[in-house]
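With the hints as constraints, model all of the structure from the sequences given.
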Amino acid sequence: MSYPAFQALVKRDLRLFFMDRRAVIMSFVAPIAIATFFGYIFGGAANDRPPSKIEVAVVNLDNSDIARKVVAAMAADATLNVKDRALEEARESVRGGKTTVAVVVPTGFSDQATRALFRSGGKPDIQLLYDPSHATEVQVVRGVLMQHAMEVISREAMSGPSSQRLLDDSLRDSNGSKGMNPADQATLRRMLEGVGAWNQRQAASPAAAGGGGGGFTMPYTMTQEAVTARQGVKYNSMAHSFAGMCVQFILFMGIDAGMVVLYQRRSGLWKRMQAAPISRYTVIGSRATSAAIVAMLIMLAVFGFARVVFGVHVEGSFAGFLGVCLAFAIMTSTFGLLVAVFGKTPEATRGIAILVTLILVMLGGSWVPAFIFPQWLQTVSFAVPTRWAVDGLDAMLWRGSGFDAAVGPIVALLAFAAVFGALAVWRFRWETD
Amino acid sequence: MLEVTGLHKRYGALVAVEEVTFVARPGEMVGLLGPNGAGKTTTVSMIAGLLKPDRGEVRIAGGVVRGETDPVKLRIGLVPQEIALHDELPARENLALFGAIYGLRGATLSKAMDAAFDVAGLADRAKDKVGTFSGGMKRRLNLAAALMHSPTILLLDEPTVGVDPQSRNQIFASLEELKRHGKTLVYTTHYMEEAERLCDRIIIIDHGKVIANDTLAAVHKLIPSVNVLEIGVENAGTDGWLDGLRTLPGVTAAEWDGSVLRVTMRDLLACSPSVLVWLRDHAYTCSFLGSQRADLETVFLTLTGRSVRNA
Chain H
1 MSYPAFQALV
11 KRDLRLFFMD
21 RRAVIMSFVA
31 PIAIATFFGY
41 IFGGAANDRP
51 PSKIEVAVVN
61 LDNSDIARKV
71 VAAMAADATL
81 NVKDRALEEA
91 RESVRGGKTT
101 VAVVVPTGFS
111 DQATRALFRS
121 GGKPDIQLLY
131 DPSHATEVQV
141 VRGVLMQHAM
151 EVISREAMSG
161 PSSQRLLDDS
171 LRDSNGSKGM
181 NPADQATLRR
191 MLEGVGAWNQ
201 RQAASPAAAG
211 GGGGGFTMPY
221 TMTQEAVTAR
231 QGVKYNSMAH
241 SFAGMCVQFI
251 LFMGIDAGMV
261 VLYQRRSGLW
271 KRMQAAPISR
281 YTVIGSRATS
291 AAIVAMLIML
301 AVFGFARVVF
311 GVHVEGSFAG
321 FLGVCLAFAI
331 MTSTFGLLVA
341 VFGKTPEATR
351 GIAILVTLIL
361 VMLGGSWVPA
371 FIFPQWLQTV
381 SFAVPTRWAV
391 DGLDAMLWRG
401 SGFDAAVGPI
411 VALLAFAAVF
421 GALAVWRFRW
431 ETD
Chain D
1 MLEVTGLHKR
11 YGALVAVEEV
21 TFVARPGEMV
31 GLLGPNGAGK
41 TTTVSMIAGL
51 LKPDRGEVRI
61 AGGVVRGETD
71 PVKLRIGLVP
81 QEIALHDELP
91 ARENLALFGA
101 IYGLRGATLS
111 KAMDAAFDVA
121 GLADRAKDKV
131 GTFSGGMKRR
141 LNLAAALMHS
151 PTILLLDEPT
161 VGVDPQSRNQ
171 IFASLEELKR
181 HGKTLVYTTH
191 YMEEAERLCD
201 RIIIIDHGKV
211 IANDTLAAVH
221 KLIPSVNVLE
231 IGVENAGTDG
241 WLDGLRTLPG
251 VTAAEWDGSV
261 LRVTMRDLLA
271 CSPSVLVWLR
281 DHAYTCSFLG
291 SQRADLETVF
301 LTLTGRSVRN
311 A
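Same order as they appear, the protein sequences are chains H and D.
Residue numbers for the first sequence follow the numbering used here, so the first one is 1 and each next one is one higher.
Residue numbers for the second sequence follow the numbering used here, so the first one is 1 and each next one is one higher.
FYI, nobody ran anything at the bench for these hints, they're computed from the structure.
If a hint is listed, it holds; no wrong ones were tucked in.
Restricting the straight-line Cα-Cα distance to at most 16 angstroms, the calculated cross-link-like pairs of lysine to aspartate or glutamate (EDC-like) are:
(1) D/K129 x H/D20
(2) H/K11 x D/E93
(3) D/K52 x D/E18
(4) H/K11 x D/E88
The structure displayed is predicted, hence computed values, not measured ones.
So, in structure tokens, the structure goes:
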């Protein structure tokens, strides 16, 4: 390999890249802009921004005290943004996409629900009108509604003004029930009498009865902890977002590096190189080296920006982070060579190369984390280099893993690079077909 | 010295170059002449090592190029038909790149660049981007880039395509200067007047075959009695209108270029009257009449039966 020629070709490639304003913007600015956007919608830098509330319309046809309390409890819930609506207005709002779910509380809800707590028979039917494109949010609304309805109804049934009447009615129904097993009948009666006694004590002296207002409440509390690199380190969704977008746009840069070769071949520049006493290894090696240098510079610039502006730190091994970046840069450069040697004309090659890149990026988890893929797709995704790159960067950036966690991705990426490079040398042709 | 022996290249059923043989000596300029698609570029590509011949051999100063990095390639400079330069880079960086590809560095590289700029007459534009150059200036720089490593053999593949007269004359002057310095030049063109002005030896190629290979004077002698009658015809006919004229005794060719009818004949005195009578009998109106000695265009026409530009 001729070193002066190699050096001159690498220098030429770098000069041409940095003189191309479009290429620089696409490679440096675009990943930052899009990563920022994705990072923001997936939680932002500090991740302490309150989540978006679900838009809920309540159609309260019952208008009883209990129904109003249930609606008030829902309105106070941090996950919902509740508005009162008439039935048709609510339906139209859901149809128009302005409201995610409409909760229709039927007439007689209060009476039927409190009775149904102790007795079988007619239960009120709460209707949920929902936007089918927000199926997940419907489940959240169901859960929140169930929690608040149970708390309000059970409290009303056991300690509210109408609780004694409800208990008396239930005792009467229980005594009159002919189909019930006598032993079960006796047990139910004792329970209802006990609730009645407790209810009277509560009414006479709430403090003596233990306070609390009666009824069912959630029988546990929950504490959440995001497990990140270390205690005190908050998850920064910008970290994954920048990793994913960096991978995507560096692959685009790899395509461009390959396309440049095709354009140079067409322009006659390759005739000059072929006429000179330099080998194909000099040409391929210089192209790969310049592309790898550009890729590395892009990653350092993009992650540098992420650190300064969004506080994305390398929580894991810094050496591992650099190793993953370097291995991915080398893999990208050989990917560009593949584009160059398999492409015939720039026009015909560009579309296919972009499609392949988008598939690689999608499977690699650059857009959305790979763990939300179906299991089979998660397995398949290990067959693409982007998955290793994204996983490796995630591990080094926010999972806080050590260098040992970087070894797998580095080896895998270098293996892909070796295969791509070997294919490029094998398929290399000076002249076009 | 460049020795080309029995070069042959086939693309499927098409024979692009067939048994091409010639020698080009130091200080000599050899013109490869022929219409587009005749096989000139394929021949030059095989000499430059861009294409592998199916058979035949190219010897450069007695050596055969073996492998991509063979130092024998240092003796060749190629001026491709395309303008093989980086428009985005300044002229100086372009030349530096092509010099470095041939292993030049430091002071040697600077000296070579200065010399190449002198040949191209572009020293004052060295720092300007090539994209800002005119077509003629780019052609001159294209030539300069091939001279960076001081090759002994220069292959020029249609180096004046799309060039203004001023740049063309400058290129011609540069080539004549290189010839005086003992360089061997192989020049492909389909401009007959260029070959007549520059080349010591003319090789006429048609359909991949050499149909003439000699000095300019000797090629003229191939058809010593050929003359051309030029007639301005105001009401020329449509396709096939000259078929009858071509059958007249002594007429070897008749071509209409849209304004002038050129009738090639061996004996001007014997044939001219019958040509004029034929035109009068077919009611064609003549605006002028003239004659000239055969040039290369006519030689090609006589040898192939076709005009080089229409071939």
